[in-house]
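Participant: Chains as they are written, first to last, in numbering that gives the first Met the number 0: chain A, 0 to 62; chain B, 0 to 200; chain C, 0 to 248; chain D, 0 to 182.
Please note that a few of the clues may not be correct.
[Said to hold, decoys possible] DSS-like cross-link-like pairs, simulated, lysine-lysine; straight-line CA separation at most 30 Å:
id: 1; chain 1: B; residue 1: Lys38; chain 2: B; residue 2: Lys169
id: 2; chain 1: D; residue 1: Lys68; chain 2: D; residue 2: Lys58
id: 3; chain 1: B; residue 1: Lys38; chain 2: B; residue 2: Lys98
id: 4; chain 1: B; residue 1: Lys39; chain 2: A; residue 2: Lys34
id: 5; chain 1: D; residue 1: Lys177; chain 2: D; residue 2: Lys68
id: 6; chain 1: C; residue 1: Lys208; chain 2: C; residue 2: Lys8
id: 7; chain 1: C; residue 1: Lys13; chain 2: B; residue 2: Lys169
id: 8; chain 1: B; residue 1: Lys41; chain 2: A; residue 2: Lys34
id: 9; chain 1: C; residue 1: Lys124; chain 2: D; residue 2: Lys6
id: 10; chain 1: B; residue 1: Lys169; chain 2: C; residue 2: Lys208
id: 11; chain 1: C; residue 1: Lys8; chain 2: C; residue 2: Lys124
id: 12; chain 1: D; residue 1: Lys46; chain 2: D; residue 2: Lys177
id: 13; chain 1: C; residue 1: Lys223; chain 2: B; residue 2: Lys169
id: 14; chain 1: D; residue 1: Lys174; chain 2: D; residue 2: Lys69
id: 15; chain 1: B; residue 1: Lys72; chain 2: D; residue 2: Lys42
id: 16; chain 1: B; residue 1: Lys69; chain 2: D; residue 2: Lys69
id: 17; chain 1: C; residue 1: Lys211; chain 2: B; residue 2: Lys172
id: 18; chain 1: B; residue 1: Lys38; chain 2: C; residue 2: Lys208
id: 19; chain 1: D; residue 1: Lys58; chain 2: C; residue 2: Lys124
id: 20; chain 1: D; residue 1: Lys42; chain 2: D; residue 2: Lys68
id: 21; chain 1: D; residue 1: Lys174; chain 2: B; residue 2: Lys72
id: 22; chain 1: D; residue 1: Lys102; chain 2: D; residue 2: Lys68
id: 23; chain 1: C; residue 1: Lys215; chain 2: C; residue 2: Lys231
id: 24; chain 1: D; residue 1: Lys40; chain 2: D; residue 2: Lys177
id: 25; chain 1: D; residue 1: Lys174; chain 2: D; residue 2: Lys46
id: 26; chain 1: D; residue 1: Lys68; chain 2: B; residue 2: Lys69
id: 27; chain 1: D; residue 1: Lys6; chain 2: B; residue 2: Lys97
id: 28; chain 1: B; residue 1: Lys169; chain 2: A; residue 2: Lys34
id: 29; chain 1: D; residue 1: Lys46; chain 2: D; residue 2: Lys69
id: 30; chain 1: D; residue 1: Lys5; chain 2: D; residue 2: Lys174
id: 31; chain 1: C; residue 1: Lys208; chain 2: C; residue 2: Lys231
id: 32; chain 1: D; residue 1: Lys58; chain 2: D; residue 2: Lys177
id: 33; chain 1: A; residue 1: Lys34; chain 2: D; residue 2: Lys6
id: 34; chain 1: C; residue 1: Lys215; chain 2: B; residue 2: Lys172
id: 35; chain 1: B; residue 1: Lys39; chain 2: C; residue 2: Lys208
id: 36; chain 1: D; residue 1: Lys102; chain 2: B; residue 2: Lys69
id: 37; chain 1: C; residue 1: Lys13; chain 2: C; residue 2: Lys211
In short, the hints are calculated from the structure, not lab data.
On a predicted model such as this, the values are computed, not experimentally measured, just so you know.
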Amino acid sequence: MSQVGYLVLAISILVALLAVFIVSFILYVRQPVPKGCENIKINDENCSSCNHKECKFYKGEGE
Amino acid sequence: MNPLNAFIAFILAIVSSMLIDNVVLSRFYGICPFLGVSKKVKSSLGMGIAVVFVIVMASLICYPLFELLKLAKIEFMDTVAYILVIASLVQLVGLFIKKFSPSLYKSLGIYLPLITTNCAVLGVVQSNTDQGLTFLMSLANAIGTSVGFLIIIVVFSCIRARLETANTPKAFKGLPIALITAALMALALMGLQGLFSGIQL
Amino acid sequence: MAREKGFTKKNFLKGIIAENPLFVSILGTCPALATTKSLEAAIGMGLLFTFVLICSSVLVSLLRKIISEEIRTPAYIVIIATFVTIVKMFSNAFLPELYSTLGVFISLIVVNCIVLGRAEAYASKNGVFDSFIDALGMGVGYTLAIILMAFFRELLGTGGFTIGAVFPIVKEPLTLQIIPEDYAISMFQMPAGAFIVFGIILAVLAFIKNRKEELKAAQARAEKIRKAEEAKKAAAAAQAKATVEGGNK
Amino acid sequence: MPSNMKKYLITSVTLGLITAGGALLIAGTNMLTRGTIEENKIKTINKGLSTIYGVDTLKTDPATLPEGKKFDYVINDYYVVKDEADAPLGYAFKTEGSNSYGKISLIVGFNADYIYKGVAVVLNEQSFASTLNKKYLNPLVKEGKTVDEVDVSCGATYGAKLVRSMVNSATNAAKYLKGANNG
Numbered sequence: 000m001s002q003v004g005y006l007v008l009a010i011s012i013l014v015a016l017l018a019v020f021i022v023s024f025i026l027y028v029r030q031p032v033p034k035g036c037e038n039i040k041i042n043d044e045n046c047s048s049c050n051h052k053e054c055k056f057y058k059g060e061g062e
Numbered sequence: 000m001n002p003l004n005a006f007i008a009f010i011l012a013i014v015s016s017m018l019i020d021n022v023v024l025s026r027f028y029g030i031c032p033f034l035g036v037s038k039k040v041k042s043s044l045g046m047g048i049a050v051v052f053v054i055v056m057a058s059l060i061c062y063p064l065f066e067l068l069k070l071a072k073i074e075f076m077d078t079v080a081y082i083l084v085i086a087s088l089v090q091l092v093g094l095f096i097k098k099f100s101p102s103l104y105k106s107l108g109i110y111l112p113l114i115t116t117n118c119a120v121l122g123v124v125q126s127n128t129d130q131g132l133t134f135l136m137s138l139a140n141a142i143g144t145s146v147g148f149l150i151i152i153v154v155f156s157c158i159r160a161r162l163e164t165a166n167t168p169k170a171f172k173g174l175p176i177a178l179i180t181a182a183l184m185a186l187a188l189m190g191l192q193g194l195f196s197g198i199q200l
Numbered sequence: 000m001a002r003e004k005g006f007t008k009k010n011f012l013k014g015i016i017a018e019n020p021l022f023v024s025i026l027g028t029c030p031a032l033a034t035t036k037s038l039e040a041a042i043g044m045g046l047l048f049t050f051v052l053i054c055s056s057v058l059v060s061l062l063r064k065i066i067s068e069e070i071r072t073p074a075y076i077v078i079i080a081t082f083v084t085i086v087k088m089f090s091n092a093f094l095p096e097l098y099s100t101l102g103v104f105i106s107l108i109v110v111n112c113i114v115l116g117r118a119e120a121y122a123s124k125n126g127v128f129d130s131f132i133d134a135l136g137m138g139v140g141y142t143l144a145i146i147l148m149a150f151f152r153e154l155l156g157t158g159g160f161t162i163g164a165v166f167p168i169v170k171e172p173l174t175l176q177i178i179p180e181d182y183a184i185s186m187f188q189m190p191a192g193a194f195i196v197f198g199i200i201l202a203v204l205a206f207i208k209n210r211k212e213e214l215k216a217a218q219a220r221a222e223k224i225r226k227a228e229e230a231k232k233a234a235a236a237a238q239a240k241a242t243v244e245g246g247n248k
Numbered sequence: 000m001p002s003n004m005k006k007y008l009i010t011s012v013t014l015g016l017i018t019a020g021g022a023l024l025i026a027g028t029n030m031l032t033r034g035t036i037e038e039n040k041i042k043t044i045n046k047g048l049s050t051i052y053g054v055d056t057l058k059t060d061p062a063t064l065p066e067g068k069k070f071d072y073v074i075n076d077y078y079v080v081k082d083e084a085d086a087p088l089g090y091a092f093k094t095e096g097s098n099s100y101g102k103i104s105l106i107v108g109f110n111a112d113y114i115y116k117g118v119a120v121v122l123n124e125q126s127f128a129s130t131l132n133k134k135y136l137n138p139l140v141k142e143g144k145t146v147d148e149v150d151v152s153c154g155a156t157y158g159a160k161l162v163r164s165m166v167n168s169a170t171n172a173a174k175y176l177k178g179a180n181n182g
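Chain A extracted, bound-state conformation (with noise of 0.2 Å):
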């Protein structure tokens, strides 16, 4: 194949690639949350090996 043919099939890799990525994403965003949860979050007591600040499952000044 000749070196455009080859351009051609990377970039249209590259774009199905994103574009499964973007339908999964917006679908997964707009799928209401079942009802019972809600605001389900960590529901065991401490994830110890988290105390980086910006962690989302930070709680708190550490131990």
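With chain A held as given, fit chains B, C and D onto it using these hints.
Facilitator: Just chains B, C and D now, kept in the frame of chain A:
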């Protein structure tokens, strides 16, 4: 390689990548969720099953994808393509769980976004490509690794529940004692090394 | 963030001591346990990691106005994956030994919790220069942390350090033997040793932290006792004065 | 509803632009570094060969085993090694194998009359858990052993077993070549 040998090699490859060089204790992919595993066996089991599904699906998709990338002469784009595939897989798995089983979503939903940044998923898929394994062997590697990951985090969460009641020295409370236990587990698994040294991976 | 005078220095130093990504926030543990088998591999990993962290933090903070809220994580992951691939190619071309020693762990920088964490938490909210300083601090802090671990693991594991096996500075890789070969505990070169070294370092840091807290608490208690005594003394003095006045009235 | 659509459109355009920019950047670096990576591969093979044969500059022209015989792990086109004056130095076989820790590729060198000369590691992508290190390779086989009595002594570790089976099969290939050439 008649089918029987192929099947035996397949099973040996699964058991070898599950126990002998376990993904967490000997190849060091997936330490982040391993250390953060909770003391409740149920939630770590849930996370493990989600990881098993994502790893096996990812390695099934990424093998033909890499062949396609080779065809288009852009093998260097493999990491970017894999991370996009893994991210969309996690979204799709989340979508199915949200739609079909709210109860599963209740116990598993929180862990799903964590799987994209789980080193084990990209680690397995990337090392399958780097080693140039055949499709069968990369599938065996994926199954073995992910089930090994599941076993190890479930066992570790039971040990961790037990560790809470043990009177460890104050400085070792929490993570340090968990790491020392992980070291003992790694030593135990190292004993199995060389069990199937004859197989052609 | 108010731009006090020492802000950039504090911003840089927080990555090394206060918020060290490996020992305090316990992030990026996968490469830390794996690549610290040899000191040189750890230094190599630290350099590559810091390069990717700086480039992605700077680019993320440059684009922070364009990238909208919900597409944030996937966009950052793609940016980081781009820089990781570039680093993989350059290291494969110019440092082939380092590339083959680190192997898959260069690609694993993409899912490293520190790079994504700094991008989302800091770079997406602050200016380019601050993100650069923050990334530099985090990178240097992480590199120093894995160098510390690699120092113990290689010294105890092989009894010495090999120089030139990864970086082509020396023609023939030479080993600097400190402990004689047959006294080396090869367990530290094994995965189990990595867990032990990491656990002990964390325990020592926790011990130091506890000791500091106890000292502070002891001082606070001593402070309280002293204040209570003063109050009692003052009350006793006042009471004594009152009786004297009552007496001579 | 259109505002929602517009929002998704913007997000997918930004993501598309970022990926396109990334792809261009990567393609550019690939152009830059592709040449050097190929050179490195050849350089390591030559360095391996020169360590085995102790000669700095040597010429190699690949040849294939007669009747296309295959030995596992052994890459079937081997090298006929000559020094500058084209005096034949020997035959070198390139072997490649991988266990679950990763790939190793060695060069096993034999001199002109098929006596074992040495082994050199050309590519070692064993992950950190592997216990193979260069210390095992040199005393692998005592020099001067003829092809028939080469038996590889090696540590019991997992990686070392792979190395032993690779050197053994390279020796079988050399024995086969000796038979073919002398016979």
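Participant: Does each hint fit the structure? Answer for all of them.
Facilitator: Right, here's what the structure says about each hint:
Restraint check for B/Lys38 and B/Lys169: satisfied, since their Cα atoms lie roughly 19 Å apart, inside the 30 Å limit. This hinted pair checks out: D/Lys68 and D/Lys58 have alpha carbons roughly 24 Å apart, not beyond 30 Å. Straight-line distance between C-alpha atoms of B/Lys38 and B/Lys98 comes to about 28 Å, which keeps the hinted pair within the 30 Å bound. Proposed proximity of B/Lys39 and A/Lys34 is supported: the alpha carbons are some 24 Å apart, at most 30 Å.
Taking the CA atoms of D/Lys177 and D/Lys68, the gap is near 13 Å; set against the 30 Å cutoff, the hint holds. Restraint check for C/Lys208 and C/Lys8: the C-alpha separation of about 23 Å stays at or below 30 Å, so the hint holds. Taking the CA atoms of C/Lys13 and B/Lys169, the gap is near 26 Å; set against the 30 Å cutoff, the hint holds. The suggested pairing of B/Lys41 with A/Lys34 holds, with an alpha-carbon distance near 22 Å, which does not exceed 30 Å.
Using a Cα cut-off of 30 Å, the hinted pair C/Lys124 and D/Lys6 holds, with the two alpha carbons roughly 21 Å apart. For the hint linking B/Lys169 to C/Lys208, the alpha-carbon distance of about 11 Å falls within 30 Å, and the restraint holds. At roughly 19 Å between alpha-carbon atoms, C/Lys8 and C/Lys124 fall within 30 Å of each other, so this suggested pair holds. In summary, the hint linking D/Lys46 to D/Lys177 is supported, as the alpha carbons are separated by about 25 Å, within the 30 Å threshold.
With a C-alpha separation of about 26 Å, the suggested pair C/Lys223 and B/Lys169 falls inside the 30 Å cut-off, and the hint holds. Distance hint between D/Lys174 and D/Lys69 is fulfilled; the C-alpha atoms sit about 13 Å from each other, no more than 30 Å. A hinted pair counts as satisfied when its Cα atoms are at most 30 Å apart, and B/Lys72 with D/Lys42 qualifies at roughly 24 Å. A threshold of 30 Å between alpha carbons decides the hint, and for B/Lys69 with D/Lys69 the separation of about 26 Å falls inside it, so the pair holds.
In summary, the hint linking C/Lys211 to B/Lys172 is supported, as the alpha carbons are separated by about 17 Å, within the 30 Å threshold. Distance hint between B/Lys38 and C/Lys208 is fulfilled; the C-alpha atoms sit about 25 Å from each other, no more than 30 Å. Among the hinted pairs, D/Lys58 with C/Lys124 is inconsistent with the structure: their alpha-carbon atoms are about 59 Å apart, more than 30 Å. Of the pairs offered as hints, the one joining D/Lys42 and D/Lys68 holds, with about 28 Å between alpha carbons and a cut-off of 30 Å not exceeded.
With a C-alpha separation of about 39 Å, the suggested pair D/Lys174 and B/Lys72 falls outside the 30 Å cut-off, and the hint is violated. For a cut-off of 30 Å, the pair hint linking D/Lys102 to D/Lys68 stands: about 23 Å separates their Cα positions. Between C/Lys215 and C/Lys231, the direct Cα distance comes to roughly 24 Å. Compliance with the 30 Å bound is thereby established for this hinted pair. Of the supplied pair hints, the one linking D/Lys40 and D/Lys177 holds, its CA atoms being roughly 28 Å apart against a limit of 30 Å.
As the CA atoms of D/Lys174 and D/Lys46 are separated by approximately 25 Å, the hinted pair is consistent with the 30 Å bound. A hinted pair counts as satisfied when its Cα atoms are at most 30 Å apart, and D/Lys68 with B/Lys69 qualifies at roughly 29 Å. Of the supplied pair hints, the one linking D/Lys6 and B/Lys97 holds, its CA atoms being roughly 23 Å apart against a limit of 30 Å. Between B/Lys169 and A/Lys34 the alpha-carbon distance is near 43 Å, which puts this suggested pair outside the 30 Å criterion.
Distance restraint check for D/Lys46 and D/Lys69: the Cα-Cα separation of roughly 26 Å lies within the 30 Å cut-off, and the hinted pair is therefore satisfied. About 72 Å separates the Cα atoms of D/Lys5 and D/Lys174, which puts this hinted pair outside 30 Å; it is violated. A C-alpha spacing of about 35 Å is found between C/Lys208 and C/Lys231, which places the hinted pair above 30 Å, so the restraint is violated. Restraint check for D/Lys58 and D/Lys177: satisfied, since their Cα atoms lie roughly 21 Å apart, inside the 30 Å limit.
At roughly 26 Å between alpha-carbon atoms, A/Lys34 and D/Lys6 fall within 30 Å of each other, so this suggested pair holds. Using a Cα cut-off of 30 Å, the hinted pair C/Lys215 and B/Lys172 holds, with the two alpha carbons roughly 21 Å apart. Simply put, B/Lys39 and C/Lys208 have alpha-carbon atoms about 29 Å apart, close enough for the 30 Å limit, and the pair holds. Distance hint between D/Lys102 and B/Lys69 is fulfilled; the C-alpha atoms sit about 20 Å from each other, no more than 30 Å.
Simply put, C/Lys13 and C/Lys211 have alpha-carbon atoms about 19 Å apart, close enough for the 30 Å limit, and the pair holds.
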